[in-house]
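Asker: Okay, here's what each chain looks like letter by letter:
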Amino acid sequence: GNSVTQMEGPVTLSEEAFLTINCTYTATGYPSLFWYVQYPGEGLQLLLKATKADDKGSNKGFEATYRKETTSFHLEKGSVQVSDSAVYFCASSKGQGGKLIFGQGTELSVKP
Amino acid sequence: GAGVSQSPSNKVTEKGKDVELRCDPISGHTALYWYRQRLGQGLEFLIYFQGNSAPDKSGLPSDRFSAERTGESVSTLTIQRTQQEDSAVYLCASGGGTGYEQYFGPGTRLTVT
Numbered sequence: 003g004n005s006v007t008q009m010e011g012p013v014t015l016s017e018e019a020f021l022t023i024n025c026t027y028t029a030t031g032y033p034s035l036f037w038y039v040q041y042p043g044e045g046l047q048l049l050l051k052a053t054k055a056d057d058k059g060s061n062k063g064f065e066a067t068y069r070k071e072t073t074s075f076h077l078e079k080g081s082v083q084v085s086d087s088a089v090y091f092c093a094s095s096k097g098q099g100g101k102l103i104f105g106q107g108t109e110l111s112v113k114p
Numbered sequence: 011g012a013g014v015s016q017s018p019s020n021k022v023t024e025k026g027k028d029v030e031l032r033c034d035p036i037s038g039h040t041a042l043y044w045y046r047q048r049l050g051q052g053l054e055f056l057i058y059f060q061g062n063s064a065p066d067k068s069g070l071p072s073d074r075f076s077a078e079r080t081g082e083s084v085s086t087l088t089i090q091r092t093q094q095e096d097s098a099v100y101l102c103a104s105g106g107g108t109g110y111e112q113y114f115g116p117g118t119r120l121t122v123t
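Taken in sequence, the protein lines are chains F and U.
The numbering of the first sequence is the numbering used here, which starts it at 3 and goes up by one.
The numbering of the second sequence is the numbering used here, which starts it at 11 and goes up by one.
Just so you know, the hints here were simulated from the structure itself, not pulled from any lab data.
Values in this document were obtained by computation on a predicted structure and should not be read as measured data.
For each residue, glycine too, the CB sits at the ideal point set by N, CA and C.
Any given hint might turn out to be false.
Beta-carbon label-pair distances, calculated as ranges [said to hold, decoys possible]:
#1 U:Glu30 to F:Ala19: 22 to 32 angstroms
#2 F:Glu44 to U:Gly50: 17 to 27 angstroms
#3 U:Pro71 to F:Pro12: 23 to 33 angstroms
#4 F:Ala55 to U:Lys27: 42 to 52 angstroms
#5 U:Arg119 to F:Pro114: 36 to 46 angstroms
#6 F:Thr22 to U:Asp28: 44 to 54 angstroms
#7 F:Glu78 to U:Asn62: 37 to 47 angstroms
#8 F:Val84 to U:Lys27: 41 to 51 angstroms
Given the sequences, and given the hints that come with them, work out the whole structure.
Answerer: See below:
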């Protein structure tokens with residue numbers, strides 16, 4: 003069945019460091035891919051998405067590119083801030099409106 | 011506009027009791043989803059409603075779990091004879107229109123003692 007695997011945390015970085023959180027998926031066909039973020043004490047929020055191969059999702063300085071050849075959707079940010087400290091979830095869904103399959107989540111802690 | 015709302019925000023119940031959790035989706039969203047987030051684990055899909063179609067119940071962990079939705083409005087998730095392993099945050103999401111994304115509510119934290 004479909005699954006999503008993301009790198010385990012916690013990840014601790016200094017402010018202004020480069021961030022990569024790896025995410026790979028298995029699926030039949032071409033799923034839609036998402037990154038969700040959960041800030042401390044808050045609910046899940048959509049961070050970015052890509053719905054077809056080679057699409058790049060971006061938001062708040064974060065980017066992820068849908069790579070069909072490597073079945074990956076790695077999250078990157080060039081310069082993290084303390085306010086980016088949160089748990090990040092990679093997810094896939096089969097087509098429009100499909101249920102989300104989530105990775106385990108990666109906790110990011112950014113130190114000043 | 012208003013987002014997805016859930017109630018109660020917290021629920022503590024004794025083992026063996028039944029609980030009902032409520033979700034109010036974003037107005038006009040045809041799709042509604044329930045997920046569960048247990049401590050130290052990822053989010054698990056439970057059930058999905060889409061318009062008037064039969065719901066996808068493939069994620070419900072046992073027959074103690076059931077959910078209903080009236081039209082395109084409120085949904086209730088019912089857990090009968092709660093067990094300690096049911097302790098989790100139960101998240102509701104809604105989606106619709108031409109987008110692929112789901113919008114999540116704040117969740118209900120259920121603690122079974």
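Asker: Now tell me, hint by hint, if it's right for this structure.
Answerer: Going down the list of hints, with the structure as the test:
Glu30 of chain U and Ala19 of chain F have their C-beta atoms about 46 angstroms apart, which leaves the hinted 22 to 32 angstroms range violated. Between Glu44 of chain F and Gly50 of chain U, the C-beta spacing of about 19 angstroms keeps the proposed range 17 to 27 angstroms intact. Under the hint 23 to 33 angstroms, the C-beta atoms of Pro71 of chain U and Pro12 of chain F, about 28 angstroms apart, fit the expected range. About 49 angstroms separates the C-beta atoms of Ala55 of chain F and Lys27 of chain U, a value consistent with the hinted range of 42 to 52 angstroms.
Between Arg119 of chain U and Pro114 of chain F the C-beta distance comes to about 30 angstroms, which lies outside the given range of 36 to 46 angstroms. Hint check: Thr22 of chain F to Asp28 of chain U, Cβ distance near 45 angstroms, so the stated range 44 to 54 angstroms holds. In this structure the hint that Glu78 of chain F and Asn62 of chain U lie 37 to 47 angstroms apart at CB holds, the actual value being about 41 angstroms. Between Val84 of chain F and Lys27 of chain U the Cβ separation comes to about 42 angstroms, which falls inside the hinted range of 41 to 51 angstroms.
The structure fails to meet hints 1 and 5 from the earlier list, while all remaining hints are met.
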